[in-house]
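Undergrad: Since the structure of chain A is provided, determine the placement of chain B on it from the hints.
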Amino acid sequence: MMRPKLDILSGELVNQIIAEGFALLMDPGVRVHNEEALTLLADAGAKVDMETQIAYIPESIVRKALETRPSEFYLYNLDGEPAVHYGGDSVQFDPGSAAITILDSETQEQRLPLTDDFVKFVKLVETIPQLDAQSTAMICADVPEEIGDLYRLYLALNYMRKPIITGAFRKDTWWTMKDMLVAMVGSEEALAVKPIAVFDVCPSPPLLWSDLTCQNMIDCARYGIPSQLVSMPLAGATAPVTLAGAVVQHTAECLSGVTICQLAQEGAPIVWGGSPATFDMREGTTPMGAVGTWMIDCAYTQVGKALGMPTHAYLGMSDAKIVDAQCGLESSGGALLAALAGVNMVSGAGMMDFESCQSYEKLVIDAEIIGMAKRLIAGIEARDEPIALTLMRKLGHRADYLAQMHTLKWFDKELYIPSAVIDRGSLDGWRRKGAKTAWERAQDRVNELLATYEPSPIPSELRAELRDIATKAAQRFGMAELPALPQD
Amino acid sequence: MSSDLLTQITTSIVEGEPDGTVDLTRQALEAGLEPLTIINQGLVPGMNIVGDKFQSGEYFLPHLIIAASGMQQAMELLEPELQARQEVLERAGTLVIGSVAGDIHEIGKSLVGTMMSASGFQVYDLGVDVQTATFVAKVEETGANLLGLSALLTTTMTVQREVIEALEEAGIRDQVKVIIGGAPVNQEWADTIGADGYAEDAVGAIELAKQLVG
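One line per chain: the protein sequences are A and B, in this order. Counting in this note's numbering, the first sequence runs from 1 upward without gaps. Counting in this note's numbering, the second sequence runs from 1001 upward without gaps.
Read the hints as simulated data drawn from the structure, not as lab findings. Among the hints, erroneous ones may be present.
Claimed, not checked - When the alpha-carbon atoms are kept at most 27 Å apart in a straight line, the in silico DSSO-like pairs for lysine-lysine are as follows:
hint : chain 1 : residue 1 : chain 2 : residue 2
1    : A       : Lys413    : A       : Lys5
2    : A       : Lys413    : B       : Lys1053
3    : A       : Lys394    : A       : Lys374
4    : A       : Lys436    : A       : Lys321
5    : A       : Lys64     : A       : Lys120
6    : A       : Lys433    : B       : Lys1138
7    : B       : Lys1053   : A       : Lys433
8    : A       : Lys436    : B       : Lys1053
9    : B       : Lys1053   : A       : Lys409
So that you can see chain A by itself, here it is in the shape it has in the complex (with noise of 0.2 Å):
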């Protein structure tokens, strides 16, 4: 079966952007705000100005690690079943991370998301069909800043079954999360050999390693849990303003982070992604929904596959400030691109207003989406031998295929029938309903789904484990007591 592919780049200037990417990397260099990754590049024969902290790597040391990396590995759910495949042509979506807001569900206005907040939305994820994992997806206001990145990660694996997206904001909190990762599985071992989580590590555009992201890197490496190369060129501000010359960057940036991350521990699993996007030539701001944003995100990652590595991507997001129709067509034009791409790890559901805000409704009208992009990617086959032949045939000239067992085998394969949230009754019937918005049916769907979610098996034990590590971080900035989970 020949599946629907999209292929945005010519070979030849997929060629010469991994050559322009190469060549950076020796001039101007990379800066490297990180000595343990300084020391490691200086040790394989990069040449390293300790000074400037800038790493000239040649491709020689580049393309070792390119032969270490693995070009494919999973994640495990809960029960210890693969779940996410990274690698090849599979696609799967995640939810956007990191959110600094959530759309009320009430109001329709953005307001900081609490504890309850994430917890009903990672409760919300579990039940979803559509995504395949599940991210820290928004930083709740009501712990200190210093471990917003861990206690989203405390709060999902209490709800958790499916494997999860996540990512440190500070170098010391890295340990905390990886301690919780592994008392989840057991052991450092068992992380290792069936990852729950993966990293996001984010370089900075142009062409800089944080320390703390160099280090999140580096430390992931080390104890074999995955990373993903998350970045974010912006063209015509941070990054130039073709799109080639943004995907040239964006390479750069990525090998770079290959190389550190296998001279930290050759075969670690590493992820070729990003969240590149155009600059808004009026307003300044970075449009997730701009077709040129999903062309840098579509022609990275068939540079990163032409590299054979596994591929992650921002993309299915939208730029409007509530659901309506801007969100919606945003949406499904960076998701259905994603799935065209082969992207394996789309993250994006559920979040609007650039990458600053959650809404569990536009959660819901987002699995509707990927559904349909995940049909559409599945392509279509013969099914039959001969395909219609014999089936027509038998039918002559009779309208009669509803009521054939042919029909009743394959429509539900054919078809991708969506929930209650696309509504395909006539004017009558969606009357008859209280003739509804998508915003309503999506609020209903959001309480239909939440009503089917199943607890989280973890023993008492388990949690009693997990709220200890994540307290001692809480009280480490002054915090005693951790929020109370919510009750139910």
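TA: Okay, now just chain B, sitting in the frame of chain A:
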């Protein structure tokens, strides 16, 4: 053993296995089960489950139609047996149905006809592009208490009104409830032309029919 067979008949309807339904019905007759028992304790419970599953969203149109087709095929075996015993299956009503003159759309009215048949109605499906006089004649001939008129076009929905007027002229408007359906049709139109009812879909049509003549 015999209750096993009835359960299996119910299951075959629910699982969408019309061939199985026919085989099991034959076996049930051979085992000496009464036709009415097979219908009321085997087939009808199956159709009820299928209807419930459709309304709850678990089942889709193909499930409905194939279950109904299993039921119909089983009924073809059972009807001669009923006659031989001089037993009469209590019908929920008699429906004449078709797409009105000038309208060649088939699926909607066939769906309603099949479902009504599986729900215990005697159904006469006249097909598509049915002349107004043909509807009137068939209602007279069969003594039907229900007439279903389908129109999928804004240009043919006016013919639904003509059929109702023709029933009045023939003096049989009082003996038959007229139900209408089709994409451009709604309750407002039903009220405008003096139809007795309108339903959104096939399952709705069954409920409507049972209300009107049940």
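Undergrad: Against each hint, give a clear statement of whether it holds in the structure.
TA: How the hints compare with the structure:
no.	hint	in the structure
1	Lys413/A <-> Lys5/A	holds, 20 Å
2	Lys413/A <-> Lys1053/B	holds, 19 Å
3	Lys394/A <-> Lys374/A	violated, 33 Å
4	Lys436/A <-> Lys321/A	holds, 20 Å
5	Lys64/A <-> Lys120/A	violated, 45 Å
6	Lys433/A <-> Lys1138/B	violated, 36 Å
7	Lys1053/B <-> Lys433/A	holds, 19 Å
8	Lys436/A <-> Lys1053/B	holds, 24 Å
9	Lys1053/B <-> Lys409/A	holds, 17 Å
Hint violations for this structure: numbers 3, 5, 6, all remaining hints satisfied.
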